[in-house]
Amino acid sequence: MIETRFEDRMALLEAEIAGRFPDARGRFGPYGGRYVPETLVPALDRLEEGVRRWLADPQFQAELGAQLNTWVGRPTPLTHAPTLSARWNASVWLKREDLAHTGAHKINNAIGQALLAKRLGAKRVVAETGAGQHGVASAAACARVGLPCTVYMGAVDCERQAPNVGRMKLLGATVVPVTSGDQTLRAAVDEALRDWVSDPDGTYYLLGSAIGPHPYPYLVRELQSAIGRETRAQMLAQAGGLPDAVVACVGGGSNSIGMFHPFVADTGVELIGVEAGGRGSALGDNSATLSFGRPGVLQGAYSILLQDDNGQIQETHSVSAGLDYPGVGPEHSFLMSIGRVRYEYATDDESLEALAECCEAEGILSAIETSHAYVGARKYASRRPGARIVICLSGRGDKDMPTLQRTLLKGKL
Amino acid sequence: MTAPLHESIGRAIRTRAATGEPALVAFLTAGFPTREGFRDALARVAAAADVVEIGVPFTDPMADGMTIQRASRGALANGVTLRWILDELRALPERPAAPLLLMSYLNPLLAYGLDRLPADARSAGVAGCIVPDLPYEECADLKAALESQGLGLVQMVTPVTPPARLGRLAREARGFVYAVTMTGTTGRNVAVPDAVRDYLGRAKAAAAGGVPVCAGFGIRSREQVERLRGVVDGVVVGSALVEVLERGEDPAAFLAALRDKA
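Which chain is which? The protein sequence lines are A and B, in order. So for the first sequence, the working numbering puts the first residue at 1; every next one is plus one. So for the second sequence, the working numbering puts the first residue at 1; every next one is plus one.
None of these hints come from the bench; they were simulated from the model. Mixed in with the good hints, there may be bad ones.
Stated by the list, open to error - Estimated spans, in silico, between C-beta atoms of each pair:
| id | chain 1 | residue 1 | chain 2 | residue 2 | range |
| --- | --- | --- | --- | --- | --- |
| 1 | A | K410 | B | P193 | 56 to 66 angstroms |
| 2 | B | P193 | A | D45 | 19 to 29 angstroms |
| 3 | A | R52 | B | T34 | 44 to 54 angstroms |
| 4 | A | Q61 | B | D198 | 39 to 49 angstroms |
| 5 | B | G230 | A | G65 | 50 to 60 angstroms |
Said to hold, decoys possible - To spell it out: a stretch of chain A is covered by chain B in this simulated footprint if at least three of its residues, at any positions, have a beta carbon under 8 angstroms from a beta carbon of chain B; those stretches are:
| id | stretch |
| --- | --- |
| 6 | 23–34 |
| 7 | 152–163 |
| 8 | 174–188 |
| 9 | 195–207 |
| 10 | 297–305 |
| 11 | 311–319 |
Every residue gets a Cβ at the ideal spot worked out from N, C-alpha and C, and that includes glycine.
With these hints in hand, go ahead and build the complete structure from the sequences.
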């Protein structure tokens with residue numbers, strides 16, 4: 001781990017708050033950058049130029065805003081959770097990304113990038129997906145703007161998230177099961193990159209998380225920050241003040257960076273990211289990158305990774321396909337290094353139990369990914385009785401039914 | 001002051017190209033198909049090629065096609081590591097005449113340690129590195145570390161590299177300029193249309209006065225090599241050679257046949 005002195009950490013936090021990251025080299029402190037084959041460098045230069053131009057363009061923002069309001073269903077509600085609040089001795093609030101179109105936060109990024117792809121003259125879009133939520137969101141967004149879409153999905157994930165494969169096909173996407181590598185999200189990213197390398201001029205790569213080469217971590221953060229901006233305003237209006245803590249699950253880290261970023265300057269608000277602790281702390285038994293990883297380069301960025309002593313990327317395990325990834329977005333590595341966000345993990349069993357509790361207490365079936373955040377929130381509440389806590393309810397759990405049949409519902413039907 | 005080690009690479013390529021034959025830069029994945037067979041495979045490839053690239057396996061070879069993905073996975077399953085590769089090279093009974101390069105994704109090099117890698121690689125007889133996921137903008141640390149020991153970092157250029165960038169990469173390249181023949185991953189058979197010959201010609205012009213230019217990605221046949229004769233100084237043969245080794249055939253015969261005039 002890179003050791004940083006307190007004064008340096010404070011200076012870096014000030015720079016982050018002032019919006020100086022990513023810097024000109026696409027870095028958040030030491031993390032980030034652009035580690036890609038030479039073939040993709042001109043394509044990334046064009047993307048960076050396009051991001052700079054269009055995200056600042058009032059007409060583009062108006063078009064994106066209209067799609068978010070009338071097609072995605074934003075702003076999503078902030079729901080008070082009275083039963084969880086009573087049980088945990090806290091004031092618990094849920095940011096309802098599960099109510100966004102296609103059932104998760106992924107659509108915020110997908111529609112934004114699909115509109116950008118159109119502006120940049122792309123002929124087709126490729127995307128990767130883990131849980132299938134980003135694949136479904138990309139398929140929907142591409143259908144909406146009129147671009148053909150190919151989604152790479154690990155063969156293991158195609159099986160455990162079967163309902164989403166059907167949804168993508170209905171939405172007009174071509175789904176390619178990936179049988180190379182670990183057959184999960186990371187192999188899907190490798191395969192999407194290989195596709196993009198083959199046609200860097202005509203193809204737009206719609207990356208679904210805050211990972212990858214610059215400018216993706218920045219672009220995805222900007223598009224997902226609607227979550228945190230809305231939450232902040234809703235807390236002030238509905239709860240009468242800012243929360244004590246904001247909790248979100250972290251895989252690649254897109255819902256969490258979108259939730260956290262607008263709160264980074266509110267230094268009185270604790271930010272807690274919860275990774276997938278899987279079945280244990282040994283290499284290969286979890287996907288808790290920030291808890292157990294070391295710095296390195298994977299899929300375009302310098303960040304924290306789960307790797308062995310020889311720099312080989314480790315296979316990961318999580319009951320949730322969406323968190324089953326050995327890397328993490330570079331801005332998360334940075335926020336951890338300066339101490340602004342605390343990262344912990346929840347195991348498979350804890351998360352499934354929390355999923356069941358939220359169903360029964362609040363009448364909401366959350367994604368297994370999201371359920372990791374409940375575990376972190378409950379632990380926080382036990383340390384800080386009476387605290388006001390917001391949880392990013394990143395997605396709905398319907399897509400997890402095959403996994404839930406095998407776990408929570410086993411022997412109960 | 002002796003000349004840096006990496007100059008041996010360009011010298012080997014130019015010496016061959018001066019005969020009117022394109023130089024052969026041959027790639028093999030270390031420890032594939034077998035760990036035990038590495039020294040023998042290397043000796044036989046090095047005897048037939050002008051320069052040898054030794055592939056360091058990586059779990060996520062994003063620039064590679066099916067063949068090198070399979071070889072990389074196989075080598076990892078065989079327990080191959082960068083440390084083992086350097087130990088094997090140091091233990092060779094006879095150092096190959098052809099200069100050796102390491103071809104590795106960045107992360108295994110970072111894990112080894114950029115402080116130790118250059119001296120250890122040099123003592124193993126390595127003259128340079130090729131790193132497919134390290135574009136020029138990110139290469140300063142590795143390039144400086146390698147050059148401190150006389151080792152060179154090859155730069156890759158592609159058909160979509162803009163002209164000004166092509167010039168800069170050609171100037172910064174050590175050993176040779178690796179001109180990727182197409183947009184895509186390694187291993188797919190490519191035609192060599194006039195547009196590609198034109199691009200390779202531009203790469204050659206950009207490198208004039210500097211290091212030689214070798215074309216790679218998808219080179220499999222004598223016809224392709226023939227189309228490239230006189231356009232570039234050499235060709236890189238990777239996936240096709242790995243498949244020859246995988247089938248247990250003679251790599252030297254395969255490489256010699258690539259250069260046979262029809």
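A quick look at each hint next to the structure:
no.: 1; hint: K410/A to P193/B: 56 to 66 angstroms; in the structure: holds (59 angstroms)
no.: 2; hint: P193/B to D45/A: 19 to 29 angstroms; in the structure: holds (26 angstroms)
no.: 3; hint: R52/A to T34/B: 44 to 54 angstroms; in the structure: holds (51 angstroms)
no.: 4; hint: Q61/A to D198/B: 39 to 49 angstroms; in the structure: holds (42 angstroms)
no.: 5; hint: G230/B to G65/A: 50 to 60 angstroms; in the structure: holds (58 angstroms)
no.: 6; hint: 23–34; in the structure: holds (count 3)
no.: 7; hint: 152–163; in the structure: violated (count 0)
no.: 8; hint: 174–188; in the structure: holds (count 3)
no.: 9; hint: 195–207; in the structure: holds (count 5)
no.: 10; hint: 297–305; in the structure: holds (count 5)
no.: 11; hint: 311–319; in the structure: holds (count 3)
Hint check: a violation occurs at hint 7 only; the rest are consistent with the structure.
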